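Going line by line, the protein sequences match chains L and A. Heads up: the first sequence begins at 6 in the working numbering, then just goes up one per residue. Heads up: the second sequence begins at 3 in the working numbering, then just goes up one per residue.
Please keep in mind that the hints were generated in silico from the structure rather than gathered at the bench. Note that the structure is a prediction, hence the values are computed from the model and not measured. Yeah, the Cβ is synthetic: ideal placement off N, Cα and C, and Gly gets one too. Among the hints, erroneous ones may be present.
A short list of chain A residues far from chain L (calculated; beta carbon distances all over 10 Å) [to be verified]:
id: 1; residue: R16
id: 2; residue: D38
id: 3; residue: P73
id: 4; residue: E91
id: 5; residue: E96
id: 6; residue: G118
id: 7; residue: L160
id: 8; residue: I169
id: 9; residue: R223
id: 10; residue: W246
id: 11; residue: D267
The calculated lysine to aspartate or glutamate pairs, modelled on DMTMM-like cross-linking and capped at a C-alpha distance of 20 Å, are [to be verified]:
id: 12; chain 1: L; residue 1: K74; chain 2: A; residue 2: E96
id: 13; chain 1: A; residue 1: K257; chain 2: L; residue 2: D174
id: 14; chain 1: L; residue 1: K74; chain 2: A; residue 2: E98
id: 15; chain 1: L; residue 1: K74; chain 2: A; residue 2: E116
id: 16; chain 1: A; residue 1: K257; chain 2: A; residue 2: D221
id: 17; chain 1: L; residue 1: K125; chain 2: L; residue 2: D276
id: 18; chain 1: L; residue 1: K125; chain 2: A; residue 2: E116
id: 19; chain 1: L; residue 1: K74; chain 2: A; residue 2: E22
id: 20; chain 1: L; residue 1: K139; chain 2: A; residue 2: E116
id: 21; chain 1: A; residue 1: K32; chain 2: A; residue 2: D131
id: 22; chain 1: L; residue 1: K139; chain 2: L; residue 2: E67
id: 23; chain 1: L; residue 1: K124; chain 2: A; residue 2: E170
id: 24; chain 1: L; residue 1: K74; chain 2: L; residue 2: E111
id: 25; chain 1: L; residue 1: K74; chain 2: A; residue 2: E106
id: 26; chain 1: L; residue 1: K125; chain 2: L; residue 2: D59
id: 27; chain 1: L; residue 1: K74; chain 2: A; residue 2: E103
id: 28; chain 1: A; residue 1: K257; chain 2: A; residue 2: E22
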Amino acid sequence: MPGLDSLINKGSSMYSAEISRANPTCFVFLIDQSASMLDSIGGTAQRKCDVVADALNRLLSELAIKCAKEEGVRDYFHVSVIGYGASVGPALSGQLAGRDVVPLSEVAAAPARLETRMKKIPDGAGGLIDQEVKFPIWVDSVANNGTPMSGALTRAHGIVSSWLAAHPDCFPPVILNLTDGESTDGDPSPAASSVRDLTSTDGPALLFNLHVTDTATTPIVFPDSELSLPSDYARSLFRNSSMLPVGMQSYARQQGIPAQEGSRGFVFNSDMSAIVQFLDIGTRASDLR
Amino acid sequence: MTWGYVSVFSTTKRGSTSCECEDASWVGPKGTDVGDVAGRSLRVAVADGASESLLAGRWARQLCATFGQAPNVTRSRKAFATTYLAATENWAPELERYVTERQERGAPIQWYEEPGLARGAFSTLIVMDVFRPRDGQRRWRAAALGDSCLFLVRDERLVTSFPIEDIEQFTSRPALLPSRSTDADLVMRNMAHCASEWAPGDSFYIATDALAAWFLRADQRGDRPWEILRDLETSDFGMEFEDWVNLERSRGELKDDDTTLIRIDLF
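Assemble the whole structure, with the sequences as input and the hints as a guide.
Below, the structure written as structure tokens:
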């Protein structure tokens with residue numbers, strides 16, 4: 006792996022490696038499956054475990070749709086889903102159960118099941134109508150035991166290290182931790198720091214955190230300071246989150262999400278599926294304006 | 003009388019097969035009329051299907067075929083928009099054929115394809131007419147939407163760069179023509195139009211974005227990118243287009259993308 010000196014020389018051209026089938030990258034999802042995830046998310050009746058499972062299934066679904074081509078889903082990404090609660094280990098259900106790192110085409114081809122959900126879409130006359138959409142499920146809600154977040158980050162470190170050994174020039178792997186933040190196996194900061202120190206020739210790995218809590222507070226997306234964060238857990242996760250690279254800040258703003266220099270890959274009681282759109286796999290399809 | 007010569011070069015991004023190519027091109031009345039130019043005019047078109055859309059290559063080919071054969075498409079913004087709407091009308095049956103063909107070969111549309119197919123395909127387009135000398139005039143016209151570009155080189159100098167003039171204008175979000183019909187006014191507002199005269203000895207280079215960005219970057223740092231491109235396919239060059247593209251990719255000079263070039267040498 007490259008040293009930090011060579012990356013400093015690379016400067017602003019970091020996070021510019023093309024993501025392709027010839028040079029894929031890795032997406033590691035860590036999902037908190039501890040007993041505290043049974044509590045409801047702030048101000049709603051939804052359990053935290055259901056919210057993070059939904060968020061993860063939506064992220065996987067959007068990743069597959071983004072990489073779908075006529076002949077199938079292209080393996081621009083390889084995906085790992087690690088659950089942590091009663092133990093730390095692979096969390097995909099169905100045919101993919103027990104697999105550590107799975108090419109995206111296999112993920113897309115083998116959800117545990119397809120549910121039908123209702124989605125609101127514009128009716129063309131200024132209103133909204135319900136439309137049935139297929140919602141694939143790879144990960145079910147699980148909630149029991151403690152929150153071994155340090156163990157999960159250490160597991161992610163192992164996965165990303167192996168990936169980088171085989172793909173040294175890839176776009177830096179993205180590790181997304183979905184949690185209520187209450188680590189029970191010690192301060193996760195050293196393990197988080199080790200993950201962020203892993204580098205490809207294109208820059209350090211990106212560790213992002215999605216924090217759900219039972220406190221009813223205003224959602225916070227990609228903050229640049231911890232001052233507005235309501236708890237020690239949130240502040241700790243903020244500090245353990247990578248800065249959003251400049252290109253991602255720009256994509257966030259294009260989607261109407263405020264992000265600026267110093268913004269971190271941290272979201273509090275909100276959605277993070279937008280990050281799928283922060284990753285470049287080629288010319289984006291957008292309507293004329 | 004022969005008054006020009008056309009060559010076409012194309013290669014895919016690394017790891018793609020030729021049938022996965024999402025660039026398309028058109029030359030002359032039949033689409034493949036490379037070589038000597040002898041008619042009253044020459045029509046060429048290049049389209050670059052957006053990789054983040056489904057059936058982008060088919061849509062790029064359909065745009066090229068429609069614009070390659072329609073009359074007067076470079077004459078006005080309105081003619082361009084009208085031809086675009088005609089291309090979109092052919093898209094629904096094309097999509098239906100595709101879905102049926104998938105069904106028939108036991109590979110029906112999957113859940114992850116449905117949103118992309120519903121959204122439609124997207125592509126850039128540049129189309130150009132070059133007219134035979136007449137009454138001492140040598141005219142050409144071009145119309146474009148997106149970042150596929152045309153360069154006119156005269157007397158060892160880049161004299162026209164259209165529609166993009168600055169390397170900073172290349173992004174991963176170029177303006178694109180959607181296969182799902184959109185407002186003609188929107189197309190007219192987003193497209194660019196250009197007309198001028200050519201001179202004997204001029205060369206036009208029409209390229210998709212990766213090569214266009216390479217060309218403009220080289221020109222802006224004082225190099226002469228046309229010196230390389232005009233030798234393509236000659237014994238002086240010593241390698242195939244695909245090998246040269248791969249070499250430039252490995253040197254970090256050229257983005258790894260489907261790459262198409264039409265070269266027109268005028269006498």
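Okay, the hints, checked on the actual structure:
no.: 1; hint: R16; result: violated, 4 Å
no.: 2; hint: D38; result: holds, 34 Å
no.: 3; hint: P73; result: holds, 24 Å
no.: 4; hint: E91; result: holds, 18 Å
no.: 5; hint: E96; result: holds, 13 Å
no.: 6; hint: G118; result: violated, 5 Å
no.: 7; hint: L160; result: holds, 25 Å
no.: 8; hint: I169; result: holds, 15 Å
no.: 9; hint: R223; result: holds, 17 Å
no.: 10; hint: W246; result: holds, 18 Å
no.: 11; hint: D267; result: holds, 29 Å
no.: 12; hint: L:K74 <-> A:E96; result: holds, 16 Å
no.: 13; hint: A:K257 <-> L:D174; result: holds, 15 Å
no.: 14; hint: L:K74 <-> A:E98; result: holds, 17 Å
no.: 15; hint: L:K74 <-> A:E116; result: holds, 11 Å
no.: 16; hint: A:K257 <-> A:D221; result: holds, 17 Å
no.: 17; hint: L:K125 <-> L:D276; result: holds, 17 Å
no.: 18; hint: L:K125 <-> A:E116; result: holds, 17 Å
no.: 19; hint: L:K74 <-> A:E22; result: holds, 9 Å
no.: 20; hint: L:K139 <-> A:E116; result: holds, 9 Å
no.: 21; hint: A:K32 <-> A:D131; result: holds, 14 Å
no.: 22; hint: L:K139 <-> L:E67; result: holds, 12 Å
no.: 23; hint: L:K124 <-> A:E170; result: violated, 39 Å
no.: 24; hint: L:K74 <-> L:E111; result: holds, 14 Å
no.: 25; hint: L:K74 <-> A:E106; result: holds, 19 Å
no.: 26; hint: L:K125 <-> L:D59; result: holds, 17 Å
no.: 27; hint: L:K74 <-> A:E103; result: holds, 16 Å
no.: 28; hint: A:K257 <-> A:E22; result: holds, 17 Å
Checked against the numbered hints listed earlier, the structure breaks hints 1, 6 and 23; every other hint is satisfied.
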